[in-house]
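Chemist: With the hints as your guide, set chain S onto chain X.
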Amino acid sequence: MRRISRIAAPLLALGLVLAACGDDGSSSTDETTAAAETATADTTAAAEEATGDTTATEDAAVDVASLGLIADGKLTVCTDAPYPPFEFQDETTKEWTGFDMDIVREIAAGIGDGLELAVTVQPFDGIWLAPKAGTCDMVASAMTITDERKANALFTDGYFDADQSLLVRTEDKDTLTSLESLAGKTIAVQTGTTGETYAQENAKDATLKSFDEPAAMFLALEGKQVDAILQDLPVNAERALKDDKTVLTATFPTGEQYGFAVAQDNTALGDALNAGISELKANGKYDEIYAKYFAK
Amino acid sequence: MSLSRRQRLRLVRGGVYTATVAALVLILLAVDWGALGGALFKWEIVKDQFPDILTNALRNTVIFTIFGFIGGLSLGLLLAIMRLSSVKPYRWFAATYIEVLRGIPLLVTLLILGFGIPIATGWQWPNPYVQGSVPLALVASAYIAETVRAGIEAVPRGQMEAARSLGMSYTRAMATIIIPQAFRIIVPPLTNEFVLLIKDTSLISVLGVTAKTLDLARFGRNGVNDTANATPLVVAGLVYLALTVPLTQLAAWMERRSKAGRR
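Chains X and S are the protein sequences, given in the same order.
All you need for the working numbering is the position in the first sequence, starting with 1, plus 724.
All you need for the working numbering is the position in the second sequence, starting with 1, plus 229.
FYI, nobody ran anything at the bench for these hints, they're computed from the structure.
Be aware that one or more of the hints could be misleading.
[To be verified] Computed from the model, here is a short list of chain S residues facing chain X with C-beta under 7 Å:
1. Ile348
2. Trp352
3. Gly437
4. Ala457
[Claimed, not checked] Restricting the straight-line Cα-Cα distance to at most 20 Å, the calculated cross-link-like pairs of lysine to aspartate or glutamate (EDC-like) are:
5. X:Lys856 - S:Glu375
6. S:Lys271 - S:Asp455
7. S:Lys271 - S:Asp261
8. X:Lys969 - X:Asp885
9. X:Lys856 - S:Asp455
10. S:Lys317 - S:Glu375
11. X:Lys798 - X:Glu819
12. S:Lys441 - X:Glu925
13. S:Lys441 - S:Asp429
14. S:Lys441 - X:Asp929
15. X:Lys928 - S:Glu390
16. S:Lys271 - X:Glu872
17. X:Lys1016 - X:Asp885
18. X:Lys909 - X:Glu946
19. X:Lys856 - X:Asp881
20. X:Lys874 - S:Asp455
21. X:Lys909 - X:Glu895
22. X:Lys909 - X:Asp896
23. X:Lys948 - X:Asp929
24. X:Lys874 - X:Asp995
25. X:Lys798 - X:Asp787
We put the beta carbon where it would ideally sit given N, CA and C, even for glycine.
Isolated chain X, as found in the complex:
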């Protein structure tokens, strides 16, 4: 008897668990759907009541419940920071700021009753997969829209034109002015970026050295381990401006555009972001933020 009961107990438990699971699965989905429906109805009703005008609600009535936010009342953004001037921490307020962050904060404020911005920092490597993995709601990380990335994430409309560029040490400013002049030299690129792809395709005679982040590339350039940095123009331009030891010698127009990314099936959030981008462009906020970070 004892022997049997020792084996039987777990089996019995197993059976119970199986039964419970079957039930649980269906009932919990029902509940979620029901909850979502109630929430939807509530928000719409509330919005309509508040304005008392159905046509005017078109814009404001973005249904927050349908956005699938991972934290209530917050738009959680994945970014590879610091990457000035797009994302960096303000020295005094410690708040995430920069072109991307300001744009997203502005858009988030216009969704529903206004969402707060929450920032999750992670390496750029495969960052566009983060919303799918549930790490954040969206990616805002000076990320170029490419077909490969589009296969695994839903991109918004482009919000920024970004070309590639070449940054070299000041003493090389007259000699290293093109990819041809870098034959036999070493070029630093950031792993997983479009700059890396561009260099692989167009600088076949140079050795490419890939780094995790721009900070390491700048150190390697200063320490003469690499002869040039090929990456997005705004980042190189910012460095050249702040650092006398480096200078920008070439730009390569590639027609690249930065976009925000959300999980592929989250069209609701994608639409909300697109609406936000057009609104900022229409009401002048976009130009205001642009002027703040990119002095002409």
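Modeler: This is chain S only, laid out in the frame that chain X set:
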């Protein structure tokens, strides 16, 4: 409660088994195996990793590890002897060195030495292997020194006394009597150190990698970028295991053998 101690034990044990089985079943049911396989182990991608992952990435990881270990062991041995020396400055130097290099993360040491030395002195690392292996060896030596010191101290004092009374010099007694016995004691922790070193080589890529100097982890991460799938990382992880598991097993075998020998 009127349960006897034995009954209580049986109850607790039954509860633990039941809970384990229930947890396993829950996990098995909750996981979407098809999706998991597609995301983590896609066969076409697995095949694409070979042979490059072995001929290039594994080769580089092994080179970094071996340079790091040989350098770390030689320097670690020296440091351990300094640490036990009767000359005070030697002891101070060794103690400070060990504290500093054990207390700073390898990642930071790599960045400071790898980038900082060329910037500060204008001197260039001769090649990426040296640039990556030297910081690795310096940090490893700090850990190995402590392991070796413990081994030397574990050799019975009588061994040194007997050797000295036979007329051997301190150096000779150390080299021929104490250190060989100490090594027998420290084989298991030293293997552990070696395994840690294999895994630590994955940090060297912060110094930048060319197509020829990719290590296993970087190879896997690049694969994730190229394929938009996590399979290359899983394959890299398996190659690490293929490297580390035989080593730990070998160490376990050597430990058993040496125990049997001493009996």
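Chemist: Given the proposed pairing of Lys969 of chain X with Asp885 of chain X, does the C-alpha separation stay at or below 20 Å?
Modeler: Judged against 20 Å, a Cα distance of about 27 Å means the pair is violated.
Chemist: Regarding the pair Lys909 of chain X and Glu895 of chain X, is the alpha-carbon distance no greater than 20 Å?
Modeler: 15 Å, holds
Chemist: Within a Cα-Cα threshold of 20 Å, do Lys317 of chain S and Glu375 of chain S meet the stated pairing?
Modeler: It holds: about 18 Å lies between the C-alpha atoms, which stays within 20 Å.
Chemist: Holds or violated: are the alpha carbons of Lys856 of chain X and Glu375 of chain S at most 20 Å from each other?
Modeler: 46 Å, violated
Chemist: Classify the hint on Ala457 of chain S as holds or violated, based on whether any CB of chain X lies nearer than 7 Å to its CB.
Modeler: This interface hint holds because 5 Å falls under the 7 Å limit.
Chemist: Quickly compare the C-alpha distance for Lys874 of chain X and Asp455 of chain S to 20 Å and report which way the hint goes.
Modeler: 13 Å, holds
Chemist: Does the structure keep Lys909 of chain X and Asp896 of chain X at a Cα separation of 20 Å or less?
Modeler: 12 Å, holds
Chemist: Given Ile348 of chain S as an interface hint, is its Cβ closer than 7 Å to any Cβ of chain X?
Modeler: With Cβ-Cβ at 4 Å, under 7 Å, it holds.
Chemist: With a cut-off of 7 Å on the beta carbons, see whether Trp352 of chain S makes it to chain X.
Modeler: Violated, because the Cβ-Cβ distance from Trp352 of chain S to chain X comes to roughly 10 Å (cut-off 7 Å).
Chemist: Against the 20 Å threshold, does the CA-CA distance of Lys798 of chain X and Asp787 of chain X hold or violate the hint?
Modeler: 14 Å, holds
Chemist: Would the hint linking Lys441 of chain S and Asp929 of chain X be met if the CA-CA limit is 20 Å?
Modeler: Given that 20 Å is the threshold and the Cα spacing comes to 15 Å, the pair holds.
Chemist: Taking only the CA atoms, is the gap from Lys441 of chain S to Asp429 of chain S under or equal to 20 Å?
Modeler: 19 Å, holds
Going down the numbered hints, you'll see the structure goes against 2, 5, 8 and 15, while the others check out.
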